[in-house]
Structures are given as structure tokens and as C-alpha cells.
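**Student:** Could you build the full structure based on these sequences and the hints that come with them?
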Amino acid sequence: MNIIILILQFIFVPIISPFFIGLIKKIKAKLQNRQGASVFQIYKDLWKLLHKDEIISNDASWIFKIAPFIVFGVTFVVGANIPLFSSNLPIYLSGDILLIIYLLSVGTFFLALSGIDTGSSFGGFGSSREMTVSAIAEGGLLFSLLTISIIYGTTNLFDISSGNIFASNHFILSIILAFIGFFIVLLAETGRFPYDNPDTHLELTMIHESMILEYSGKRLALMEWASANKYVIFTSLGANIFLPYGISYNTGILSIILGILFLILKISFFSFIIGVIESRIAKFRFFRLPDLLLVSFILSIIAIGLIN
Amino acid sequence: MSNIFLKILKNKNNLIKINSKDIEKEEIISIGKKIKDNIDYLFNGSLAIRQIDAGSDNACEQELVALTNNFYDIERFGIHFVASPRHADMLLITGPLTRNMVKAVKDAYDATPEPKIVVTVGDDALDGGIFKGSYAILDKISDLIPVDYHIPGNPPSPKTILLHILKIFEVNKLK
Amino acid sequence: MLHLITSSIGFYFVLSAFLIGALGSLILSKNDKYANIWSNFFSILGSSTGLIFAISVMITGKTFSFKFNSLYQHLLSFAFNIDMLSAFFIGIISLIAIFCSFFALGYVKHFYKNYNIGALGFFYNILIGSLILVVTSSNAIWFLVAWEMMSISSYFLVVYDRKDESNVKAGLLYLIMTYVGTAFILFAFLLIYKYTNSFDFSIIKSNINLIPLVTKNFIFIFFIVGFGVKAGIIPFHIWLPLAHPAAPSHVSALMSGVMIKTGIYMFIRIFMDILQPIPVWWGITIIIIGSISSLLGVLYALTEHDIKKLLAYHSIENIGIILLGLGSSMIFNSLGMISLSLLSLMASLFHTLNHAVFKSLLFLSAGSVINEVHTRNMEEYGGIIKYMPQTALFFLIGSMAISALPPFNGFFSEWLTFQSLFQGITQLHSSLSWIFIIAVGSLAFTGGLALTCFVKAFGSIFLAKPRSQEVKSAKESSLSMRIGMGFLALFSILLGLFSGYTTILLEKVGRGLSVFNETFSSISISGNQLFKLNNGFSSIGASSVFIFIILGILFIIFIFKYLVNRDQKIKTGKTWSCGTELTPRMEITSTGFARSIILIFKGILKPSLQSDIEYHDFQSRYLPKSITITFKVNNVYSNYFYKPIQEIFNGLSMKVKKIQSGNINLYISYIFIILIILLYIIL
Numbered sequence: 001m002n003i004i005i006l007i008l009q010f011i012f013v014p015i016i017s018p019f020f021i022g023l024i025k026k027i028k029a030k031l032q033n034r035q036g037a038s039v040f041q042i043y044k045d046l047w048k049l050l051h052k053d054e055i056i057s058n059d060a061s062w063i064f065k066i067a068p069f070i071v072f073g074v075t076f077v078v079g080a081n082i083p084l085f086s087s088n089l090p091i092y093l094s095g096d097i098l099l100i101i102y103l104l105s106v107g108t109f110f111l112a113l114s115g116i117d118t119g120s121s122f123g124g125f126g127s128s129r130e131m132t133v134s135a136i137a138e139g140g141l142l143f144s145l146l147t148i149s150i151i152y153g154t155t156n157l158f159d160i161s162s163g164n165i166f167a168s169n170h171f172i173l174s175i176i177l178a179f180i181g182f183f184i185v186l187l188a189e190t191g192r193f194p195y196d197n198p199d200t201h202l203e204l205t206m207i208h209e210s211m212i213l214e215y216s217g218k219r220l221a222l223m224e225w226a227s228a229n230k231y232v233i234f235t236s237l238g239a240n241i242f243l244p245y246g247i248s249y250n251t252g253i254l255s256i257i258l259g260i261l262f263l264i265l266k267i268s269f270f271s272f273i274i275g276v277i278e279s280r281i282a283k284f285r286f287f288r289l290p291d292l293l294l295v296s297f298i299l300s301i302i303a304i305g306l307i308n
Numbered sequence: 001m002s003n004i005f006l007k008i009l010k011n012k013n014n015l016i017k018i019n020s021k022d023i024e025k026e027e028i029i030s031i032g033k034k035i036k037d038n039i040d041y042l043f044n045g046s047l048a049i050r051q052i053d054a055g056s057d058n059a060c061e062q063e064l065v066a067l068t069n070n071f072y073d074i075e076r077f078g079i080h081f082v083a084s085p086r087h088a089d090m091l092l093i094t095g096p097l098t099r100n101m102v103k104a105v106k107d108a109y110d111a112t113p114e115p116k117i118v119v120t121v122g123d124d125a126l127d128g129g130i131f132k133g134s135y136a137i138l139d140k141i142s143d144l145i146p147v148d149y150h151i152p153g154n155p156p157s158p159k160t161i162l163l164h165i166l167k168i169f170e171v172n173k174l175k
Numbered sequence: 001m002l003h004l005i006t007s008s009i010g011f012y013f014v015l016s017a018f019l020i021g022a023l024g025s026l027i028l029s030k031n032d033k034y035a036n037i038w039s040n041f042f043s044i045l046g047s048s049t050g051l052i053f054a055i056s057v058m059i060t061g062k063t064f065s066f067k068f069n070s071l072y073q074h075l076l077s078f079a080f081n082i083d084m085l086s087a088f089f090i091g092i093i094s095l096i097a098i099f100c101s102f103f104a105l106g107y108v109k110h111f112y113k114n115y116n117i118g119a120l121g122f123f124y125n126i127l128i129g130s131l132i133l134v135v136t137s138s139n140a141i142w143f144l145v146a147w148e149m150m151s152i153s154s155y156f157l158v159v160y161d162r163k164d165e166s167n168v169k170a171g172l173l174y175l176i177m178t179y180v181g182t183a184f185i186l187f188a189f190l191l192i193y194k195y196t197n198s199f200d201f202s203i204i205k206s207n208i209n210l211i212p213l214v215t216k217n218f219i220f221i222f223f224i225v226g227f228g229v230k231a232g233i234i235p236f237h238i239w240l241p242l243a244h245p246a247a248p249s250h251v252s253a254l255m256s257g258v259m260i261k262t263g264i265y266m267f268i269r270i271f272m273d274i275l276q277p278i279p280v281w282w283g284i285t286i287i288i289i290g291s292i293s294s295l296l297g298v299l300y301a302l303t304e305h306d307i308k309k310l311l312a313y314h315s316i317e318n319i320g321i322i323l324l325g326l327g328s329s330m331i332f333n334s335l336g337m338i339s340l341s342l343l344s345l346m347a348s349l350f351h352t353l354n355h356a357v358f359k360s361l362l363f364l365s366a367g368s369v370i371n372e373v374h375t376r377n378m379e380e381y382g383g384i385i386k387y388m389p390q391t392a393l394f395f396l397i398g399s400m401a402i403s404a405l406p407p408f409n410g411f412f413s414e415w416l417t418f419q420s421l422f423q424g425i426t427q428l429h430s431s432l433s434w435i436f437i438i439a440v441g442s443l444a445f446t447g448g449l450a451l452t453c454f455v456k457a458f459g460s461i462f463l464a465k466p467r468s469q470e471v472k473s474a475k476e477s478s479l480s481m482r483i484g485m486g487f488l489a490l491f492s493i494l495l496g497l498f499s500g501y502t503t504i505l506l507e508k509v510g511r512g513l514s515v516f517n518e519t520f521s522s523i524s525i526s527g528n529q530l531f532k533l534n535n536g537f538s539s540i541g542a543s544s545v546f547i548f549i550i551l552g553i554l555f556i557i558f559i560f561k562y563l564v565n566r567d568q569k570i571k572t573g574k575t576w577s578c579g580t581e582l583t584p585r586m587e588i589t590s591t592g593f594a595r596s597i598i599l600i601f602k603g604i605l606k607p608s609l610q611s612d613i614e615y616h617d618f619q620s621r622y623l624p625k626s627i628t629i630t631f632k633v634n635n636v637y638s639n640y641f642y643k644p645i646q647e648i649f650n651g652l653s654m655k656v657k658k659i660q661s662g663n664i665n666l667y668i669s670y671i672f673i674i675l676i677i678l679l680y681i682i683l
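Chains as they are written, first to last, in this note's numbering: chain Y, 1 to 308; chain R, 1 to 175; chain C, 1 to 683.
These are computed hints drawn from the structure, not numbers from a lab. Since we're looking at a predicted model, the values are computed, not measured. Some hints here could point you the wrong way.
[Stated by the list, open to error] Reference listing, derived: stretches of chain R covered by chain Y, where coverage requires no fewer than 3 residues with Cβ under 8 Å from a Cβ of chain Y:
1) 52 to 64
2) 94 to 102
3) 135 to 144
[Unchecked claim] Beyond 10 Å from chain R on every Cβ pair, some chain C residues (computed):
4) S70
5) S577
6) R621
From the three backbone atoms N, C-alpha and C, an ideal C-beta is built for every residue, glycine too.
**Tutor:** This is the structure in C-alpha cells:
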């Protein structure tokens, strides 16, 4: 049983992630009064890309060639080491918030380098924008998670997600503020509105898309998949850290299944909100983004201040 | 049952209008269903299109853009437009091939990974159309890069484009 | 054998190796090649024995001290005290010096014939030797002698490449700033002498209660300024980004990796050892200085496009991070939370070690790039990864380590620093915990910005297309240079992988200080390098992190390369550029990369944008001939800090000048008045 849970934990994020990207697209299409692509369209896209040939630029170095594997590998490792459906795993890496944040930075580092590597002007600007946004987002991300860590007295995500929910009721205001801060960072880190337009074909507004403009075939599939993984990682962090309801505390089959259902429900809820936001507002001007990120940082700092 | 009769009785204006739009919508859906079946069979259910403007008068672009709107909504059939030829399976080339765009079209063709389909859209793209013989254009795109199929019309309506894409798939399916 | 090494004999041997190396290379200075080999052979010999000496002292815990008395016994005695802290710093100095000397064997070749290699070897050896003297001397006067030897020898190394006018200027600024610092240090020691009547560190320590608190506070401020100048804290940093780049690269590595750490060493020595007990506000000051230095350091680094200046600003940033650890250690210490204080001190010592390793690695690899491309301007690099693949790999490792990316060593020391700050937030009362919240905030932003800065540096140096002809003729650097860089890269991996053992050693070093003699440890480290805070707040396993990352990535490569679609064809082609001819001018430059961040922080950085347009035809302004855009960051410190000081001094001098009228009668009357006053005082 333990082995099955462990394998499930490892493959859960990569397996489920394309579904939620498809779900957001579906929600957006419905709000635009379209039928839109199937929810499972992303799986089909990835499968097709994995079976296509590749063209790699002459100017690219080994960084460009290895980056998709590292970027995807990092999301795979992080996805296996955050609480998903069960807070009680037989074995895990550490679940430390700093480790998770810095591991995701490894992915960002190589993603940005691969954007510069081919010498294309889109890639370079995409990297510059991505690094600008992620550098300023880091403060908000760390502080929002730190608020919860201080409330529960541990930085271990598994311990937090299995912590007593009712003990946190005294700090409900802090948790709400930290959650708003986290949600703003979530939008930034997963490249959603108002930071980035994931569907755009217009070079001026692209951040994530312009870095992977040079990839094709298998490597493109990995990059797209990794960004989908990152979305699921952030939403399930939000789901399990800020709303730790329904997560399984033991290894019984029923509670695991319930845990999975609850997680999917919660992430779908997040996706619905994001879909609505993306349909309601326009992308911000690039130099207005730091203001929003600083709001997230300040909200989280206030949240910490309220604890003491 | 009685409800429905009641409603019909109450409603004086009992003429049901079916305009040409509704008919077209049904047609599109039936074409689209077939396209989707073909895409599922040929491309694992996903077709990425990169559109290249080789010097067009934007008429064809208008029609292609219309494909993504609410009415035609080709995303539901598994087709989407992409930002880079590196991501594409199909190149749609519009317009007469102007001299300034020769290098760009060649580059885009080279940048598209195999397997790929090249389709020209509109009469201009076939042989220069009304611009034929002008010093500013090379008449045939097929002289520069191998073109697999052609969609005629000046410009072709979105429905024509869809129908042609369907035919292209059906030809390929038989092979 | 071990007995012999961990005694004064081992110590003499280390020092004499450097002395022989220095004098010998001066004698051999007629022949460039022999002088180079001689000086570096002896510096390698001296530093390897120094490393063995330091490690065996640290492991056996056999500390010792000895001294030679001079004529003026109570003033100057050549006193050495090698305790755990000194041994740790000797270890760092020696470790870095070994690989810098290896690097120098190949690197110095390009100075042959144009410069005096003997002098370089002489000052280089003297610098390493005096660094070791600084961290071992235990008498204030003797310490100042060693401190000056260090400063002067490094000054001559900074101006070594004297054909470049800017280097000489940088050296002058360095010399002035150093002497300002030394003046403050001297003043602080004199104040201490006034109350304790001794210059000997151990006597001062035992008589520390004689100093009243107010004086102690003044002493603290003087030491902050004095050693802060050397450590490069903001706003006393202005010499650092000018002087470090000016020196030859292996010397910059030594200066940036080790020499500025002597300031940190003296902070620890004086605040955590000699001046104990300390008031809380000292620690708060240090934390605030650390926050400012780390945040501003990395912001200024982002604005640089001179590779060595960029690295020099990162030294300021990392000194800030070290000070965050030290400051929290001091706060915990004065609040009596000794075991947390030990944890924070370990964090700052660990970061000191790690920064020495990866910063010298970065300086050495920057040096080998400069050696091939002959410019420090990053805008003229590009694509070097294809011409110097190994150097690129080493620089990549260094960049990942300095950006604190796991599994490299920088991550673990930053993790420890974060933990000690987190403990401050959770365990202290509201007003003090806000200090720690600010510190965590600045550290988090610093981490993100440092990552950005190294994406910029690595991207514009090594990736994309070459931006100048020089790059295309670049070749991989010579074997000895690659040995120097390769081992440092290896060390930054090993220090990450075995961070548990390193931390155990650091705890031993910390316990060497008398405050921590009998402290409960607040962190436990198990055999598989698992750190665990004893109150259960956090834990992290170094080796499992390592294995997880490596296995995870290998697994992904295996699956997607060899299982899914194995017979995929990979072609190479041109970069897709919308059909235009892609030239290196279209690539993003390092200035362009950082531009958005600079504009976001324009309130702090005060950038200025000037554009000049020249037209073909003066009357019709339609055809511009050339457009020049100058984008630069104003030097806030010289404008708002140093310039006003200079003006005050100038004004004072002008006033003093008034009494010099040039009239002999007036001068005679001055002498007469002074004479009368003196007579009055004496009689």
C-alpha cells in the first residue's frame, strides 16, 4: 500500500497537470460563449509534440539542450515533495518551504538561460521580464508561506498540512491576508493574468512563451508540461497550506481517494477563479506589476505582524 | 405535455425563423466533427497552425482570424494557432510572395520541424493572382518551398478553408 | 607528526614558506618564468601546510598561544593566539590561496616581459602571509602592523597593472579609505588602552569591565567604521568595486574571497569574544547594516556591465548576508539565548567559508575569460561557452552556488541564516522581531535579485552569439588555471553535499569562543547530513536533497530521451528570427537585461538617461546620423556622503588658511603667543 501511495505521489503532479490547464482554457472559452477545446486537449498536444522531430538552433549550446530536462525534473522533484492528497507519506525529501522555493528557482534559472542561449531577441527579453517578475515575487512568496509556518510552528509543509485546523482559528485574519499575498504571487509565478498572457501570440506581451519560442518537439513538450506542473504545484500549495480541509491523514484507501477528490476539487476551484479573473481583466503594463507584487509582500508582512 | 400546448396557444407569433446563420452553424459543426475525427486519427488530436503573411492584402488574414471567433471556434476541433513555426505542424501561407518576404518564408519553412504540411491560402498565393507578373513579387510560392496543398478563393471564406482542410486530411487518410 | 604540526613549529613553517617565496621571487625577478614558478610554488607549499595545520588544530581542538616580548613590553609584544576561530580563518585563507596560486601559474604568463613578475610574487606572498598574521595576532599593536602589511601589499597589487590610469586612481582611493579605517581602529584601541592599560587581547578581555558602557558604545562605532571599510559594508564600500577589479584576477579572487573577511573575523573576535557582554543595540545595528549592504550590494551589481565590478558588488552583498547571521548572533547573545546565538554564528561562519569558495571561483573564471577576450566589458562577450566550455561550466557552478540554488553550498549556508532569522521572529518580542522580519525580507529579495544578476552575467558572457571578434579567437585556458577553478568548483559541490560535517566542524569552532563553551546545541546533525533544529521548526537533509535532484533529473532524461519516441530526428538550423538576419546586435545586452529592474528601483538607484542625436542635415531633422544613449547610475554615496564631507573639510581648510597671511611679523607674533601659553601651562 505504501509503495502505491508513494508512486501515486510521484506521478500525481505530471499526470494531472495538463488537465487543469485545459480546464482553465475551457472555463475561459465558456465565459467567452465559445465551446472551446476539450479539457484533455493539452494531453493530446503534448503527446503530438513528443512524437515530432526537433530543430535546434546552431547558436544554441548544451544549456539549451539540457534545460528542458532540468526544468521539468525540478517540477517533478518538487511535485513529489509537497503535500498533495496525503499529509502522511512513508518517505519524502524534506518538504521545507525554503527548499521548495529555491528548487523552483533552479527551474527558473535554467528557463531564463535557455531563453538567452539562442541569441534570439524575443528569448532575451522574455528572460529579462521573467527574472524581474520572479525576483520581486520571491519576497511575497517566502513571507506568505512563512506566516503559516509561524502559526503552526514548523516550516515543514507536510506538518503544516496535517496540523490542527482549529488551532489556527485565532489567526484567521493573518491567514486570509497571507493567502491574498500568496494568490498574487501564484498568478505571477505561473504566468497568468495580469502578469502574462498564456495564450498570446503577440511578442510584446509575452513572458513565458517568448522564452520557449525556439523549442520544438520533445523539448517544447517538456517545457510546456513543466509550466503546467508548476501551476499544479502552486495551486496545491495554496489548497493544502491555506485551506487544509479534506487532506488524508492516514494511508487508508478511502481517505486517500477522498484526499485526491478533495484536491482536484480545490484546484478546480482555483482554476475557476483564475479563469474568471483572466476573462474579466486585462494584462497589466509591465511596470505596474511590481506594485502588485509589493502589495503581496506587504500583506504578508502585516500577516506576520498580526501573529506577534 | 399540456404545458407545451398551452405555451403554443399563448404565443401568437408562432412562426419559427431559421436564418442562414443557423444552417451555416450546423454545417460548420458537421464539418468540424469530421475534421476532429481526422485530426484524432492523423495528429493524435492536436494540430498547430502557423500562419505566414508573405505579402498579403490582409483579406485572407481576416478570414483566418474569423476561424478563431465564437462562431467558427476551431479550437473545439483541436486546431490552434501558434506563435512560432517551431511549434507548428501546418504552415498556412497567404498572399503573393513579395521579394522582401522571400527570406522570411524560406526561414519559416526551415524552422518548422518534420512532419509538416504547407498549405497556400488564396489565389494570390497560388500564382500571384491579380499581382501576377509584377516586379515586386515572385509569382509562385511553390518555386521557393515545396507546397503540399492549395486552398483556392480570393479570399476563401472560413467555411471553405475548413472544408479544404478536411479534404486534405481525407486525402492523407487514404494514403 | 600531528603533534609537530599543531604547534608553533608548524605555524613558523607556514609563515617562512611565504617569506621564502616572497624574497626568492624578488631575487629571481630577472627571469619572469622562474620568478612566477618560485613564488607560486612556495605559496602553494605554504598554504597547503597552512590548510593541514588549520584542519588539524580544528579537529584535535589543540589551540595554543605564544609570544615574544619586545623592548616596550606592555605596548608591543609579538603575541600569537591560535584558537579555533583563528584556525578556521587560516583554513579559509589557505584553501583559497592554494587554488589561486595554481591559477596564477598559468594566468601570470600574459604579464611576462611587460611587468615585473618578481614584484608580483613578492607582494602576493606577503599578502597571504600577512592575512595569516592578521587572524592570529593577539596584540593590538602587532595586529595593526600585520593589518598595515596586508593593506600595503594589497595596494601594490591593485596598482600592479599601472599602465592603466584608472587602476592607479582606484589604488589611491583604496589607500585613502584603508587609512581612514585604520585611523578609526587605532582610535578604538587607544580608547580601550586608556581603561584597561593594555594592548594584549587576553588582558583586555579579562579587564573589560573597567570600560564604562558609554565608552564601549563609542568603541563599537569606531570598530564598525574601521573594520567596515575593509569588509566593504555600505556606505564605506566605495573603494571595493574599483580596487578589486583593478588587481590581477587571482589577487582579486584572494581579496574578494578572503581579505574582506578579515573585517568579519575582527567583528567576531571583538564583539563575540573580547568586548563581551554586549548591549542589544549593537546586534540590531549589525543586522541593519547587513540588510542594507546585502540589498544595495545586489542592486548595484545588477547595474554593472563590468564583469569584475559586478562580482565585487556581489562581495558587498554576501558580506551583508554574513552580517545578518552575525547580527542575529549578537542579539541572541545579549538576550542570553546562547544556543540560538551559536546557531546564528555558525550560519555566518558557514557563509563566510562558502562565499570565499564560490567568489574566488567566479573571479578566477572571470579572469580566464578576460585573459582571452582582453576586456572586462560584458557587452563585448557573448557565446564564450563554445570556445571555453570548461570555464563556462565552472562559472555556471559558481553562479548557481552564489544564487543559493540547491544542491550547491550557498544554499545550505543561506538556509542556516534564514533559520536563525526565523527563530528571531518566532522567539522574540514584537519590537525586536520586526528587526528580524526586515532582515528576512531583505534576504529574500537579495536571493531573488542575485539570481537575476547571475542569469544576466552568465547569459551575456557565455550564451548567444559572440558580440566581438576577440571572442572568436578565444581558446580554453591552460591546465593550471583549470585546476585552480575546477577544484574550487568541486569544493562548492562537496561543501554542499557534506554540509552536515562542515556544520559540525563549525559548531566546534563556535564553541572555541569562551561565550559558547558550555552551550546546548540548537541544531542536530545526523550521519546522512540531516539538519534538524532542536525545537522541530525545520529540518533539511543535504544528501537526500542531492540524491533527489540528481536522480530526479536523470530519471526524466532517461524517460524522455530513451523511452519516449526513441527514433526522433534532431536537426540543427538557424535561430528563427521572423525572417530577419539575426545579428549579435539584436541579442539582449547586460544593460538591457537589468534595465527593467533598474527602473523599478529607480528611487534607490537614481539612474539617468541621456540621449544625443546627430543629424545629417542640420535644418531638416528627419535623418539622424547617429543616436547615442547614455544610461548610467549616479553614484549616490559620493554625491550625498563623501562630497559633503569633502566640502566641510575644504571649508575648514579655507578658514584655517586665513591665519596665514604671509606677513613675517604676524608669524613671529604667533610663535610668541604660543610660547607664552606654553610657559604658562608648564610653570
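**Student:** So, for every hint listed, does it hold in this structure?
**Tutor:** Against the structure, the hints:
Counting residues of the segment 52 to 64 of chain R whose beta carbon lies closer than 8 Å to any beta carbon of chain Y gives 0, which falls short of the minimum of three for the stated coverage. Coverage of the segment 94 to 102 of chain R by chain Y is violated in this model, with 0 residues showing a Cβ closer than 8 Å to a Cβ of that chain against a need of three. Only when three residues or more bring their CB closer than 8 Å to a CB of chain Y does the claim for the segment 135 to 144 of chain R stand; here the count is 0, and the claim is violated. Remark: the non-interface label on C:S70 is consistent with the geometry, its nearest Cβ contact in chain R lying 76 Å away (cut-off 10 Å).
Interface exclusion of C:S577 from chain R breaks down, the closest Cβ pair being 7 Å apart, not more than 10 Å. At roughly 28 Å from the closest C-beta of chain R, the C-beta of C:R621 stays outside 10 Å, upholding its exclusion from the interface.
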